[in-house]
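Chemist: Single-letter residue listing:
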Amino acid sequence: MSTALLAEVYNETRRLVIAGSSTAPGDFRLKKLVPSLEQVGAKAPVFAKLAEAGKRLIDSDEKSAPPLLMELISLISAVLYTQGATGFEGEVESIGVTTPMESTAQFGARTLKPVLEALVSTGPGRLDVIRSAFEQGMFSDFRLMTPANIALDDSYHEIGTFVADQILALYGENIVPVLAASFNPKGATGDGRRLRYMHRLNPVTARPYVLAAMEESSPEVRIAAIESLGAYPEDLSTLLELSRKGAKEARRAAFAGLSRIDDPASLAELRKAISGKSLEFVAQALSTRADSPLLDDLLEEFEKTAKELFAATDPAQLDQHLRRIQLLISALNGNQDPRSNGPLLELFAKRAVLVQMKGSSTSGNHLLYDIVRDMAAKSYPTREALIQAHRTLHADHLETAFGIAVYDLDPTVVFEEFSPYLGCSDNRKGVIIGVLTGESRGPYLRHPLGFELDARWLDAVITIGNYQLASRLAEPGDPRVHNLLQKVAAREFSKSEILQDCYGVVSAMVRFQHPDATDVFMQAIEKHGEHGGRGLYIPISYGELIPFLPKSAIPRLEALRPRLREPEGDTIAEFIESLKALP
Amino acid sequence: MIKFDEAFVDASAPNAEAAKNGRALVSKSKFLSHSISEDETILFGQCQGSGSTPYSCSVDFARPDQPTHRCSCPSRQFPCKHALGLMYAFAQGRPFPKQAIPEDLLQKREKLLARADKPKVVSNKPKQVDKSALGKKIKVQLDGIDVLEKLTTDLVRLGVGNMNAKLASEMKEQAKQLGNAYLPGAQTALLRYTQLFSGNDGRYADNPSHRSEALFAEAVDHLCRLHALIRHGRTYLQQRLDDPDLSPEIDSNIAAWLGHAWQLAELKEAGLVENDVELIQLAFNSFDDTARREYVETGIWMSLGNGKIRFTQNFRPYKAAKYINSDDSFFDVVKVRELCVYPGTINPRIRWDGMESRPITAEDFQSVRSAASSDFAATVKEVKGHLKNPLSDKSPVYALNFRRVGKIGSTFIVEDSRGDRLVLSDDPFADEPQTCPLLPMVGSDCLENQTLIVRFHHDLNTRRLEAKPLSIVTSKAIVRLTF
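Residue numbers (my numbering), protein chains in the order written: chain A, 1 to 583; chain B, 1001 to 1483.
One chain only, chain A, in its complex shape:
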């Protein structure tokens, strides 16, 4: 069968259907094909039929053409359906399956489809759906891999970031072919995310994409590509060039690349930046290096700038010098050389002068906050200097000093040095209690009570009547705290008007494992939980205490369940289940 002829007839007929049947009568291109159809039709009747239908169409007029055109296209389509090509020539390669997924869970359509739609559609509320699916482990279903890739381009920034930071890692190398297939160097933020992830996972296989993006790409992808340079010697000249001109983000990325190369040319460029206007681009890049060969340069620049700072009186000049000092001390943050402590110690020693400095948009006091923060994080000598100065510190800085002292000093010394603050009437007392209860928001207090305390702290705390801290410091069963909590409970319950009025003492008793904890918990709920016949209201804050109650409380909690008010009741029921699930 002459498939080429069939295809030609189909194309010509389809052209007529697209253009409209009024163009069909007398169509010369179709007319030219009729003799060929008739010729083949002598052997194959279907071609004769086509020739006949074609002739009828050519001889038709505007009115009769539509059905005749449909007749011809229907006939030729039916024939072509039987001629559909199959097969495919070539060497078959196995599909690049990499690492098998750890889990190949398959979820049903009802569960999976909303997540899939949240990943690929637009509209509000999608991030919650995606987060919830992530928490439920649904992304182990490989059918979400492609939609996750699409979500990298989401116009809602948080979704793209969440997918890039949390979800892609679940797929490991399996997702690289998907990312690579959809990577567009001229694309937007999503393609930048693709390139960064591919580079992070395997810099060698990502290298061609990085180089392609350096040739021609959108600004977003270009930044990602520049960030990925630096591992090869040939990157140096590119980075040098990029660091000298262009957009801020590109220069910042280029300096980050240069800071990873200890080559004379890159060091020279970085030196130039340290002493010049480009300091803001190199500071962050240098802060990650523990052994920068540029330490002397940084110290020299610091010395020069510090002199200028302490000599300056004009607010605009002060601003300029304070900013440079901030950048320089941040550039030294990660440096492990003892000499790098110098600038912090020197500035800290001159803090009395520093706090007097007032620029037009910043001040010496702001700088002092940065100095104290960096001293607490940097090294033992800087931490020691900060602790030793505690008597002269503002309450905010005292909090940081005490926060590191509990880790660095002997518990006896900590008590002797810092317990007197409990007797203060100003906010320094609150700072000490805050650190001990773990309620302080200081950056070095992420592990409350993860340190050893002198036993005398409990006596001191009982003396000032702080039952919450006492219940935290004491071992369960301590008679002094036991009595204190009982007294406080009686007092608080008598004057309480709403549930939250009793929360402090209830939570203290529950966490202290006071024998009356369950009674007190139930008493509070029964006294204040019933509102307007809508069921029993238990706030989430109370619900969170449930897993700390003894298991003997379960029957009493179960009895409450049918009375719980919606929708909080759902969450409270989960807390009860958690208590039941405990060993």
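Everything labelled a hint here was simulated from the structure, so no lab data went into it. As the structure is a prediction and not an experimental result, all values here were calculated from the model. In this text, a Cβ means the ideal position worked out from N, Cα and C, and glycines have one as well. Mixed in with the good hints there might be a few duds.
[Said to hold, decoys possible] Derived DEER-like restraints, expressed as beta-carbon distance ranges:
#1 1290/B / 127/A: 20 to 28 angstroms
#2 578/A / 1317/B: 38 to 46 angstroms
#3 246/A / 1408/B: 38 to 46 angstroms
#4 1449/B / 26/A: 56 to 64 angstroms
#5 212/A / 1287/B: 32 to 40 angstroms
#6 1323/B / 578/A: 34 to 42 angstroms
#7 204/A / 1408/B: 21 to 29 angstroms
#8 552/A / 1106/B: 37 to 45 angstroms
#9 43/A / 1313/B: 38 to 46 angstroms
#10 62/A / 1287/B: 35 to 43 angstroms
#11 165/A / 1408/B: 32 to 40 angstroms
#12 1176/B / 61/A: 25 to 33 angstroms
#13 1094/B / 165/A: 39 to 47 angstroms
#14 1323/B / 211/A: 57 to 65 angstroms
[To be verified] Distance condition first, Cα-Cα at most 30 angstroms in a straight line; then the derived DSBU-like pairs of lysine-lysine:
#15 1322/B / 113/A
#16 1388/B / 1172/B
#17 1098/B / 580/A
#18 1166/B / 1176/B
#19 1319/B / 1172/B
#20 1268/B / 1308/B
#21 31/A / 43/A
#22 1388/B / 63/A
#23 580/A / 527/A
#24 1388/B / 49/A
#25 63/A / 1176/B
#26 1166/B / 63/A
#27 63/A / 1172/B
#28 63/A / 1139/B
#29 580/A / 1020/B
#30 55/A / 1150/B
#31 1335/B / 1111/B
#32 1150/B / 31/A
#33 248/A / 358/A
#34 1381/B / 43/A
#35 55/A / 1388/B
#36 43/A / 1388/B
Following the hints, complete the assembly by docking chain B onto the known chain A.
Modeler: Frame of chain A, contents of chain B only:
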């Protein structure tokens, strides 16, 4: 004795929300009591609701394949969350002490069983047809065919390339006449054509993003289908007008194309029924059919006995979607006492009234593999013969045993043991998620000597017959690529 798992309860739920709420009732201990009858045929209990009086709910398995859910709550969802919760509590192994069946439930059960027996007596009577009314209806339908012909002629005269948003919108209005003429199927066929000229948001657009050669080819194919529908529909309706005793056609799907809604009783009467069938779901999809203004859920099933692949379809019109149970992926084997099969050729539609379920075993996977075709050439020949009929299903589903799935350049292919190959691709006009990009993720053991469930489609533009992978059946699992 009652036996079911949570998957069965999931499948009984009208929607995901009802299932979630049913589970929550159990976890929140809202059931004041739950019991099972002495003969273990009925579950009943009391569930605390928002009112002061608890709801009485029960699930009666007097007909094991068709459990009866009852509840005193006012919910319009069926089964309600309380009945579902009762089933979840049972499936989760919560204690169900044995109790005597309450008197009211006994009475309801007697009535139900009496009602269930009643149709058998009625079904023996010949169905009375009002010939005069039928004749009038067919005449109206024939007039509707004339309208369809006129509209199609207008479209052909205008030309596919000259369609625009205004014309598509006008044609949609005109298509309502077909609905009024008892031709909903023809109306849908016409709307599907106009829908090709809509944007991604379902609205008509002068320059839809996917307007291309492929779109034109698809539009031409739709016109061919309308042309065939006019010809065959007119002949069929004329025959029925001439002979009012003639039953709806069962050797072809022309009745369905015109919009005939087959009743289960009709199918049974026509002998289109199979008894004691076990089915396994091979693939599932749900989509929004903007032409029909309905949500559609489609399950692809294989009968384990004869290896035939058929499909279920559940339509939920937008306006009533809340009140109609949605279907879901099903991961167990379904046991059906009476399976009704619609007229059709390769993959006819199926329906059933009641079902039981059992877990899938290794033998079931083996049954699927045994029923699959190992000869691509023979399958392709059959598919081509089927596709040449303009009113046939243009995307038949087959199970293919393959030697390997691989790639040639960027093209995915599947190869049988004789070395015959098929190109695997996603049909751009299908309402299914893309599946080819998933192939590299299924694991290499799934890509050699397994069974592939595919949906064929003829690419009118390249004139190639290609296949879209839906699932891979191994000896241990069905790896679903759609849902």
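Chemist: If you check the beta carbons of residue 1323/B and residue 211/A, does the distance land in 57 to 65 angstroms?
Modeler: Check passed, 59 angstroms falls within 57 to 65 angstroms.
Chemist: Should the hint that residue 246/A and residue 1408/B are 38 to 46 angstroms apart at their CB atoms be regarded as holding?
Modeler: holds (43 angstroms)
Chemist: Do residue 578/A and residue 1317/B keep their Cβ atoms within the hinted range of 38 to 46 angstroms?
Modeler: holds (43 angstroms)
Chemist: Does the beta carbon distance between residue 552/A and residue 1106/B stay inside 37 to 45 angstroms, or does it fall outside?
Modeler: At 42 angstroms between Cβs, range holds.
Chemist: Decide if the proposed pair is consistent with the structure: residue 1319/B and residue 1172/B, CA atoms, cutoff 30 angstroms inclusive.
Modeler: Judged against 30 angstroms, a Cα distance of about 19 angstroms means the pair holds.
Chemist: Please check whether residue 1449/B and residue 26/A have a Cβ separation lying inside 56 to 64 angstroms.
Modeler: holds (58 angstroms)
Chemist: Can you confirm whether the C-alpha distance between residue 1335/B and residue 1111/B stays at or below 30 angstroms?
Modeler: Holds, because 26 angstroms separates the two Cα atoms, which is no more than 30 angstroms.
Chemist: Are the Cα atoms of residue 1381/B and residue 43/A separated by 30 angstroms or less?
Modeler: holds (22 angstroms)
Chemist: Measure nothing beyond the straight line between the CA atoms of residue 55/A and residue 1388/B; if it is 30 angstroms or shorter, mark the hint as holding.
Modeler: holds (23 angstroms)
Chemist: Are the Cα positions of residue 63/A and residue 1139/B separated by 30 angstroms at most?
Modeler: Roughly 26 angstroms between the alpha carbons, so the hint for residue 63/A and residue 1139/B holds.
Chemist: Just to be careful, I want the Cα atoms of residue 580/A and residue 1020/B compared with a cutoff of 30 angstroms; is the pair within it?
Modeler: Satisfied, since the Cα-Cα distance of roughly 21 angstroms is no more than 30 angstroms.
Chemist: Hint check: residue 1388/B vs residue 1172/B, CA-CA at most 30 angstroms. Holds or violated?
Modeler: Holds: residue 1388/B and residue 1172/B sit about 28 angstroms apart, inside 30 angstroms.
Checked against the numbered hints above, the structure breaks none of them.
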